[in-house]
Structure formats: structure tokens, C-alpha cells
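Here is what each chain is made of, one letter per residue.
There are 2 protein chains.
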Amino acid sequence: MTHLARAAAPKKPLPEELATALATLFEDRFSTAEAMREHHGRDESSYDPMLPDAVVFAHTTEEVAEVVKLCSHHGIPIIPYGTGTSLEGHVLALRGGITIDLSQMNQVLAVHAEDQTATVQAGVTRKQLNQEIKDTGLFFPIDPGADASLGGMAATRASGTNAVRYGTMRENTLALTVVTADGRVIKTGTRARKSSAGYDLTRIFVGSEGTLGIITEVTVRLYPQPEAVSAAVCSFPSTADAVNTVIQTIQMGVPIARVEFLDESCVRSINAHDKLNLPVKPLLLFEFHGSEHGVKEHAQVVQDIAAEHSASGFEWATRPEDRSRLWAARHNAYFAMLQMRPGGRAITTDCCVPISRLAECILDTQADCEKNGMIYSILGHVGDGNFHVLMMIDPHDPAEVAKAEGINARMVARAIAMDGTCTGEHGVGMHKMDFLVQEHGVEAIRTMRTLKHAFDPKNIMNPGKILHE
Amino acid sequence: MTHLARAAAPKKPLPEELATALATLFEDRFSTAEAMREHHGRDESSYDPMLPDAVVFAHTTEEVAEVVKLCSHHGIPIIPYGTGTSLEGHVLALRGGITIDLSQMNQVLAVHAEDQTATVQAGVTRKQLNQEIKDTGLFFPIDPGADASLGGMAATRASGTNAVRYGTMRENTLALTVVTADGRVIKTGTRARKSSAGYDLTRIFVGSEGTLGIITEVTVRLYPQPEAVSAAVCSFPSTADAVNTVIQTIQMGVPIARVEFLDESCVRSINAHDKLNLPVKPLLLFEFHGSEHGVKEHAQVVQDIAAEHSASGFEWATRPEDRSRLWAARHNAYFAMLQMRPGGRAITTDCCVPISRLAECILDTQADCEKNGMIYSILGHVGDGNFHVLMMIDPHDPAEVAKAEGINARMVARAIAMDGTCTGEHGVGMHKMDFLVQEHGVEAIRTMRTLKHAFDPKNIMNPGKILHE
Chain A
138 MTHLARAAAP
148 KKPLPEELAT
158 ALATLFEDRF
168 STAEAMREHH
178 GRDESSYDPM
188 LPDAVVFAHT
198 TEEVAEVVKL
208 CSHHGIPIIP
218 YGTGTSLEGH
228 VLALRGGITI
238 DLSQMNQVLA
248 VHAEDQTATV
258 QAGVTRKQLN
268 QEIKDTGLFF
278 PIDPGADASL
288 GGMAATRASG
298 TNAVRYGTMR
308 ENTLALTVVT
318 ADGRVIKTGT
328 RARKSSAGYD
338 LTRIFVGSEG
348 TLGIITEVTV
358 RLYPQPEAVS
368 AAVCSFPSTA
378 DAVNTVIQTI
388 QMGVPIARVE
398 FLDESCVRSI
408 NAHDKLNLPV
418 KPLLLFEFHG
428 SEHGVKEHAQ
438 VVQDIAAEHS
448 ASGFEWATRP
458 EDRSRLWAAR
468 HNAYFAMLQM
478 RPGGRAITTD
488 CCVPISRLAE
498 CILDTQADCE
508 KNGMIYSILG
518 HVGDGNFHVL
528 MMIDPHDPAE
538 VAKAEGINAR
548 MVARAIAMDG
558 TCTGEHGVGM
568 HKMDFLVQEH
578 GVEAIRTMRT
588 LKHAFDPKNI
598 MNPGKILHE
Chain B
138 MTHLARAAAP
148 KKPLPEELAT
158 ALATLFEDRF
168 STAEAMREHH
178 GRDESSYDPM
188 LPDAVVFAHT
198 TEEVAEVVKL
208 CSHHGIPIIP
218 YGTGTSLEGH
228 VLALRGGITI
238 DLSQMNQVLA
248 VHAEDQTATV
258 QAGVTRKQLN
268 QEIKDTGLFF
278 PIDPGADASL
288 GGMAATRASG
298 TNAVRYGTMR
308 ENTLALTVVT
318 ADGRVIKTGT
328 RARKSSAGYD
338 LTRIFVGSEG
348 TLGIITEVTV
358 RLYPQPEAVS
368 AAVCSFPSTA
378 DAVNTVIQTI
388 QMGVPIARVE
398 FLDESCVRSI
408 NAHDKLNLPV
418 KPLLLFEFHG
428 SEHGVKEHAQ
438 VVQDIAAEHS
448 ASGFEWATRP
458 EDRSRLWAAR
468 HNAYFAMLQM
478 RPGGRAITTD
488 CCVPISRLAE
498 CILDTQADCE
508 KNGMIYSILG
518 HVGDGNFHVL
528 MMIDPHDPAE
538 VAKAEGINAR
548 MVARAIAMDG
558 TCTGEHGVGM
568 HKMDFLVQEH
578 GVEAIRTMRT
588 LKHAFDPKNI
598 MNPGKILHE
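From first to last, the protein sequence lines stand for chains A and B.
First residue of the first sequence? That's 138 in this note's numbering, and the numbers climb one at a time after it.
First residue of the second sequence? That's 138 in this note's numbering, and the numbers climb one at a time after it.
Just so you know, not all the hints are guaranteed correct.
Below, simulated BS3-like cross-link-like pairs (lysine-lysine); rule was C-alpha separation at most 30 Å, straight line [what the hints assert, rightly or not]:
| id | chain 1 | residue 1 | chain 2 | residue 2 |
| --- | --- | --- | --- | --- |
| 1 | B | Lys271 | B | Lys324 |
| 2 | A | Lys324 | B | Lys433 |
| 3 | A | Lys149 | A | Lys595 |
| 4 | A | Lys433 | B | Lys540 |
| 5 | A | Lys595 | B | Lys324 |
| 6 | B | Lys595 | A | Lys595 |
For the record, the hints were derived by calculation from the structure and aren't laboratory data.
Assemble the whole structure, with the sequences as input and the hints as a guide.
Structure follows, in C-alpha cells:
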């Protein structure tokens, strides 16, 4: 792909001494097999794979520290890898090096139900955590769709459908264990809900995408399972009507737990993929958490707002199995949409704007896609002002790739002009580095660079991501 | 005071050239008058004043940048000053230098009611902001008691009574304008509610106490004024009963807006100071925000929990004037308690622990105070696991000071052993630097030091705070 020209930068070959040391330490958890490297050199983005020179599977923080020390000694890049579900090329081995696969660090280390916190190894996935705590009456709300690892979710500052009510990984990470670029082990916080004790190391590493250190343990907040949950879908004659319903809901302060927008083509895709019968129109999918009465009250307010915006077919899903089916469909949307163009590849992107600008931003982006004859879909966690565009392209057609990237660039410029951000939750990876400068300005980028150089002076931590080298 | 020995470190005299440059630029907004320096060399802590060499009153970010550039050139310390209400010696001029008073930077720059955000200059106080937005139907919830400036609140990661529901400055600061140690101006974020766009510069500066840069503008989240508000007080036979009521309330996930604990001596003080007639027993002060029905529902749940813990005298304050009176009394508690020992001085401290350990931590601290015959009071934002101890001492009696500091040190050690923090909201300043090491460990402190050196290589930004030099 044309926008991957920078991948051609030189790689340093893997020193024999390093390979031997890692092989001795990790035995069959060290691999240079092509298939293994291939598997770890890709994510869910449209990028062609870029392979690391070797993969190690770590089991403990101490093992990660050992790998980092060895790589630091040899000046070899290190890329942490969780479930490989990132969307912007985060885990691709742009400069080769060692990928540390953390998926076998999958122990839930402590659940403090009485304090509503859990501490897990970085490889524990959100579904695994929720499974392991389900008898405590608590749950972990952050839900980016994919069954991502908590380490990866912290590293990309993930959020997803529940963020409008419960916040993102930024708000819900209490503490991390991190291996620094020189192989030291630090703990960035405590289990106290708030603290003014010094620099916020936790939030320096949350969202740093493996470029400042490697997250090996995560302490997160948990929440009581709501007494009552209710979900609803309704359809709108236009995107504007749907989005304006959301804007008004948020402005009124209704504490919805989730509100998802799906455009027509997205609805069509999930109907086909999940054998549903939703009206093929712009759709909102709501969820309410609270007491029996509270949920009814909030749902009524939202239903009234939706009615003012010509909503139709309001349907309630109060039975857990109906709700699960709807949310499963929402979560399958990505894979459902891939069917829009068999053999094609998806370029996905996201942005986030202040809520009052959301309709304008979505409508302009929609118009841009239409004008360019793109096969696309727009959907999003609209309660936060966050939406996604998925464009199905032929990766072998440079003109089509360029067209999609043009739409992406204009969407980002639009979001930034509205005082929004170039990515609400996907992260920067390799795909949004140029936009980062556009959003923050050269002086703030210089300050980010100061941080990167101070924390990773040898530039071995996931190099070539977030900031241009 | 004995624990101020480090203040004896050498100061660099103010270079004539710098004084002249500042006098020329700021005219009558530059002062070296003793009274002015005296006023700016103290906060609400028990420390004796430490005077800066001069004070300037800035009006714009550009003026702040100008001062920083000049000070950087001469290697002279700079201390940002808001309202002087910090509690741990944050604004004391330990190494002399220039205090930049930001209180005249008091413009509300933008209110985006439709997005629930406001951008203000750093000197705007929380009460001023709430006054200026009161017709929008929105409010800014963070309330540390004092009418602090938003710049200062961001710099100390302030929180206060509403944090249990609305979060702290960490969660509610969307973006900052910051003057870096070399006099550049950066913007750390946008008005988007969430973002994964690069390093979290906002949260690097939130809580950095002026040691990494100077915050000159703050963009915060606002919230819809609740449809219904209700407050209640009730008394308990023991501290344990009161605190256990809170623990159970939080564990059940009741969305209380505020819950404050006041011990007997605190109740006695505010009765006298505010002419109230509260029963002199451990007391909880609750506030609920929501719909009419929601507020009633939550209040009933809490009343039931309190009853299980032998609460008595449940009294509702539904009229705004009754609520205001109660909360005014709570906010006056600090000044009320100063009357416990006329001529004495207060040593205040705070810590924060996971909620399940709160009763134990408070009771042990209480016992320690009693054993040492201290005149003291314990109160706190207990919903977060955060409490304060105020000890009235004779500042001229080193033995008494040492006794109070011993109680403080043991309280902090207790909190840290419970996986809590040495300060929930007051910050580190000069008073908690040793505890910071105890809490985070030497390796994490080394990482904090790396950050400080990278962002402030000349060590001119509020030197001698947070980290030992």
C-alpha cells in the first residue's frame, strides 16, 4: 500500500547472541518460525504484515524485564502483543525486532470485590475477566467490541460502547505494573480511587501504545451489576434525526449506559450476518442501567426525544437473551461489514468531536463518502461524540486506497476544526501520526517527543508508532 | 518548625538584569515589596512563610511565557500562585525566585453549554465559574472547599465533596494551555470527551504542582444541574457505624453525589462556628442528585443502610437554603476547627484507601491521636475512601510538632499498607515528599525524576516540591 512507504526504513538484523540468549531463557516459548512471525506481524488494520525477527511468550513481569534488558543491550526493537485486534498498525514490526506475546500472562491476580477492583496480568481479556468475576455481582464495563486483552486496552486507551456511562481505560485504570525501556519494574499507582501523590505515571502509560514501556499488570475499577437493564432499538428517517436524538439526550444529562448509531448499510450488513430483521434505516441502539424505576424513567425520556425526531419502530429488549442478540450483532458489525465487498479489505478510522458538532461531522463525512462512490459504513459510540467509518477497498488499487485515505484525512481535519480529536479510541499506531501533529501542533508534539526520548532514549520500544522517528 | 530544615538550602540572589526586565514589562504589576512577597510566600499549611524575591501579576499566557523565558535565561525559580489555599506548602518560595500570581487571569474564555464544557483562564475560581454559568442550567461540580482557582485545582489534582459522583480534576479536565519550562506555549488536548491521540499531556500536568510547567488555561467538563437535589444528616453512636454505613452504600453502587463524615469534635466546632444544633456525635452528611423519584429511591436505600448501623436523627434538607446552610457549615469546618485551640496552628493531612479498609484506617488513626493527647478532628470525603486529619498544635513547641508529624507518618504508612495513597487530594508539596517514595518505591520515583528532568532540565519550575532535589 502506498502509504506504507516508510516501512522500507532499514532494519537491524537480529544479533546471534540475543537470539541464543532468548532461546536459552524461553526454550519452546521462543520462535523464529515464519508462521509465528507472520501471525504477530499483523493486526486488524489494512496494513500488509511486517514481521518481527522473533516472538517470545512471556509468563511473568520478570521475564518481560529480562527480554527488555537483553534487547536494550543490543539496541533491538521490542513490540508488546496482546490479542492483535488493534486497528491502526500498532503491533506491526516496522523495524523488525522481538515481539513479546503477553497472551499467556492470563492470570487474574486479585479480585477485591469489596473495593470493586481487580488486578490482572496484561494478557487477561475483558471477557475472561467478566467471566471470572461474574459471581461477585460486579462487572468490568469497558467494551471495545473485540475481546481484547486488558494490557492492550490500557496501552491504546480503549473505550467502546459503555464509555458514555462508565468512562474509558483512562478513567478506569487505577494502577499498572510497567517494565521500563531499561528493564526496570515500576508500579504506577495504588488501589485508592483517587490520589494526588505525584506525577500521574498511570496515565502516562495508558494510551502510550507500547512506546514508553510494557504494561504487564493492570488494576481496574469494577462496577456493581445494575439492578435493571433494558435495551431498545429504534429507526429514523435520516441520519440527522438519529444523531440529533443522541445530542439532545446527552445535553439533557440522561445517564444512558450505551447509545450506538448504525447507518443503513451497517444495518443491512448485520441483518444478513446475524439473521436479524431490523428496518434498513439509520438506527439507534440504547441501553439503560439502573434501578427498575430509574431505567423506565430514563427510557421514557429518551423515547420522547426520539419521537420528536420521527423515530419509528421503538422496540424493547428486556429479556437478557434478546439484549445479548442485539449487542452480539452490534459487535459483529465489523465482520458483517467485511461482507459488503468480498475479497476487499477494510480501512477503518475513527474520530471524536464535541457532541454539538456530531451531526454535522457525520453528515459531511457521509457526503464525502457518497461523492467518492465509496463502499462504506458509519457507526459509532455517539453518546461520546465518537464515530467510526469503515471503507471497503481493493488493496491492490492504489487509486482506491488514496481515495479512502483522502476521505479519512478530510474527516480528521473536520473533527480537528470542530475542536475534536483525530482518534477517539483506536489510537495512533502508524496510521494517524501525521494527524497527531495537525491536532496538537508542533510545540505539543515537541513535548511528547521530549517524553519519548526521556523514557526510551534508545528508541527500542515499539519504534515508529505515535511519533515519527 | 523542625521539619523545615531543608528550607535553609542556598538561594540565588535575584539578578539585577532580570528585575529590571520584569519591572519594565510589568510596571506596577511587578513588586518586590515585603508585604507583597510575604503574602505570596505562604499558603494554608502550617509552614512559616518563605518569600519569593519578587511577584508579578500576569494577564495573559504570553506574559507568563515571557516571564518563564527570562527566568530560564537567568536560572531563577518560578512559582505559580492562584489563591494561596493549598495545604502542603506548594507555593512557598523554597529557593526564592519569582512568584507569578495568576489571580488576575480571571476571564471565562468560552462556555459551550451545548457541549457541557468551559474554558477559563487559570485564575478563575470555581465559584466565579459557577456564578457565570448559572443561567445555562449547567454547573461545575469539583469542590475542594476553598474557593480555589481552576489553575491551582488542576495543578494539585483537586477533588472534594462531589468527587464520589463526578470525579476529580483528573477526570474533568479536558485540555490545558501550559507554558513549558523553556517558555513555549502548548495546548494539551481538545474539547472531545475522549481521545486516544498520543501521550496524555493533560494528565501529565494535572497534579504536577507547577513543577513541570505553568497552567494558564483550563478546559473543564460541566454537568446538567440535577432535576432534584436532596440532602440529609444523621448521627451515629460510633465512628465505626458511620463509616460502615458509607462502605455499604458504596459497595451497593448507590450513586450518591456527596457523603461527608464529621467526627464529634468537628461537629462541636461547626455547631459553635455556624450556630447549628447538630447532635455532638459522629455524623454523615449526604447529598443525592437525580430525578425526583431517583433521589427519593437512593435516599431510602441509604436511610435503610444507616438504620442497620444504628443511625439516629435522620433529617432531610430539601429546601435549598437548608442545604446551603449545612454545606456552608461543612465548608467552614476548617476555620471552625481552628477555634479548637486559639493561638494554635493546624497541621492538616489527608490520605485515601480502598473503601473496605476505611473504617480500620480511620479508627486506628483516631486511636493514635487519642493516645498522644492530640487536639484533633477527623472528617472526610468518605465515599472515595478519603479522609482528613486536622491537628491543632503549638508551632513553638517542637515536641508537639514532632508528635503531630509522627501521627501523620503513621497514618500514611497505614494507608500505604492498605494499598492506599499518602494523599487523596491535598497533593505532595513539601510535606509529603518522603511519603511519595514510600508509596511508589524507588524505581517509580526514578521514573518521575526522569520526567521532571526532561521537562524542566534547569530545575526552575517550583523547585523542591514533589521530589527531593
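Checked hints:
1. For the given pair, Lys271(B) sits about 27 Å from Lys324(B) by alpha-carbon distance, which is consistent with the 30 Å threshold.
2. This hinted pair does not check out: Lys324(A) and Lys433(B) have alpha carbons roughly 42 Å apart, beyond 30 Å.
3. For a cut-off of 30 Å, the pair hint linking Lys149(A) to Lys595(A) stands: about 13 Å separates their Cα positions.
4. A C-alpha spacing of about 56 Å is found between Lys433(A) and Lys540(B), which places the hinted pair above 30 Å, so the restraint is violated.
5. Distance restraint check for Lys595(A) and Lys324(B): the Cα-Cα separation of roughly 27 Å lies within the 30 Å cut-off, and the hinted pair is therefore satisfied.
6. For the hint pairing Lys595(B) with Lys595(A), the CA-to-CA distance comes to about 23 Å; that is within 30 Å, so the pair holds.
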